[in-house]
Amino acid sequence: MTNLETLEILPGRDREGQAESFGSIRLEAGDCLAVVGPTGSGKSRLLADIEWAADGDTPSGRRILWDGAALSPRQRIEGSVGRVAQISQTMNFLMDLTVREFLRFHAQAHGLEDSGLEEEAYGESQKLTGEGFSPDARLPGLSGGQSRALMIADVAILGAAPVVLVDELENAGVDRRAAMALLAGRGRMVLLATHDPAMALSCPRRLVMGRGGVRGILEPDPDEGLARGELDRIQERIELWRSALRSGERLRVHPGLD
Amino acid sequence: MAWVLQKWIFMEIICDSIPPGGGGVGFRMVTVAGPPTSGKTSVLRHVLRHLTRGGWRIGVAKFDCLSTDDAQAFLADGIQAIQGLSGGLCPDHFYAGNLPEVMDWGTRRGFDLLVVESAGLCNRCAPHVRDQLAICVLDHLGGVKLPRKVGPMLRRADVVVLTRGDLVSQAEREVFAIHVKRFAPGALVVPVNGLTGQGSPELAGVVKELARPARSVSDSRLRFSMPQAVCSFCLGETSLDRDHQAGNLRRMEIAT
Chain A
1 MTNLETLEIL PGRDREGQAE SFGSIRLEAG DCLAVVGPTG SGKSRLLADI EWAADGDTPS
61 GRRILWDGAA LSPRQRIEGS VGRVAQISQT MNFLMDLTVR EFLRFHAQAH GLEDSGLEEE
121 AYGESQKLTG EGFSPDARLP GLSGGQSRAL MIADVAILGA APVVLVDELE NAGVDRRAAM
181 ALLAGRGRMV LLATHDPAMA LSCPRRLVMG RGGVRGILEP DPDEGLARGE LDRIQERIEL
241 WRSALRSGER LRVHPGLD
Chain B
1 MAWVLQKWIF MEIICDSIPP GGGGVGFRMV TVAGPPTSGK TSVLRHVLRH LTRGGWRIGV
61 AKFDCLSTDD AQAFLADGIQ AIQGLSGGLC PDHFYAGNLP EVMDWGTRRG FDLLVVESAG
121 LCNRCAPHVR DQLAICVLDH LGGVKLPRKV GPMLRRADVV VLTRGDLVSQ AEREVFAIHV
181 KRFAPGALVV PVNGLTGQGS PELAGVVKEL ARPARSVSDS RLRFSMPQAV CSFCLGETSL
241 DRDHQAGNLR RMEIAT
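From first to last, the protein sequence lines are chains A and B.
Counting in my numbering, the first sequence runs from 1 upward without gaps.
Counting in my numbering, the second sequence runs from 1 upward without gaps.
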């Protein structure tokens, strides 16, 4: 992984030209920052500013500092693939390889073959999805959830980029909280655009976007700690029902009464 | 948009050295090449919107093989455009043979920038002109082996634009970029989303900075030679009979 100690977002202006009121937002390795707000509120622009290492010259006027400094022009234009990884709902595997071959292929590209990381990435992918899959499964045959689990584990373990942008993983069929924990646990800085309360609350900070600008920065309060517990219970129930559904059972509000 | 690139020093990094003066045709020129449906026109429409907003007068010449209505798309954006179809002719020769006419058109119209977009050239050839900004557009959906299969269109390009990156996995994007770098080591690699335009302000900044005043037609040369294969098939032969074949042919060596 490319080394990066800190990522800093310096304020710009919203769509109406109003200056953003935060001082600076600083992320360190393992940090997770949720980005919330209605469609059109500026979430994508913020993520694009980070992807392109904005230096006061994008519509938002924000500046992004990498280890305290702006990137050089050439780094900015062409470095984004190795600097910032992206995971979204629309991404697919195009290659007709087995899971094992795919991980080997990616490891080789970074000179990481035989490092044990391929097996580790496979192992982590199995913890992220309720539907396990074999290392000999072919990529085109994976379900949406299985694909997403593999992509996240691959980015966390084998990816080159220290920064990971996650866009709307709402219905991915993966354990999204475990996914965030995996990415952060591997020292990645995660920015997460989401409408999902459980995911937003799993980050220690969340940016509230509106009219193209950052409107505020919230940290979960004690009430939200309770909400998080409630969300966990709901999630647990959904998972139980999902596996019941998969195995052909009936869904029961009060299990054990049949 | 205040895209301040003046301070940048790309030229020293990637462009051929350019003698001062030039033929004074009056416009800058950029060639845009890539496999069919790689997203050239979509990317260009976004980029040219940024440049026209900056006050540039732009003309587009689109070369294609069999059919195109791309000129209409540019005209709808208020950009002057012409198109040429090679039809039954070798598209590479059709392109090279008509480029002088296109350049004269550019001078007559007084453009600041002449964009020459070509689809359907075979991978053996490249439309890129010496000392003029050369862009190659590749689609991630072509798969990670694509960079190896696209010849001088990619290898002789200054800027490689990658499209549809939002549809493939991060691992495939990383490997694709590594392969592009292997075949075009000096080129700038710029990901652009042809639908949303994400990345197009950045690419417009690159074009603004790197597009150079074009030379006169008589001083202009292709970066890569066209094939010398003058053979009976070029003349319309359809028979596969060996006795009907003549001219520049090379037999494959096939093991028994």
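Heads up, some of the hints might be wrong.
[Said to hold, decoys possible] Sample of chain A residues facing chain B (criterion: CB under 10 Å; computed from the structure):
| id | residue |
| --- | --- |
| 1 | Leu27 |
| 2 | Ser44 |
| 3 | Ala109 |
Please keep in mind that the hints were generated in silico from the structure rather than gathered at the bench.
Note that CB positions come from ideal geometry on N, CA and C, so glycine has one too.
Now for the hints, and whether the structure bears them out:
{"no.": "1", "hint": "Leu27", "in the structure": "violated, 19 Å"}
{"no.": "2", "hint": "Ser44", "in the structure": "holds, 8 Å"}
{"no.": "3", "hint": "Ala109", "in the structure": "holds, 5 Å"}
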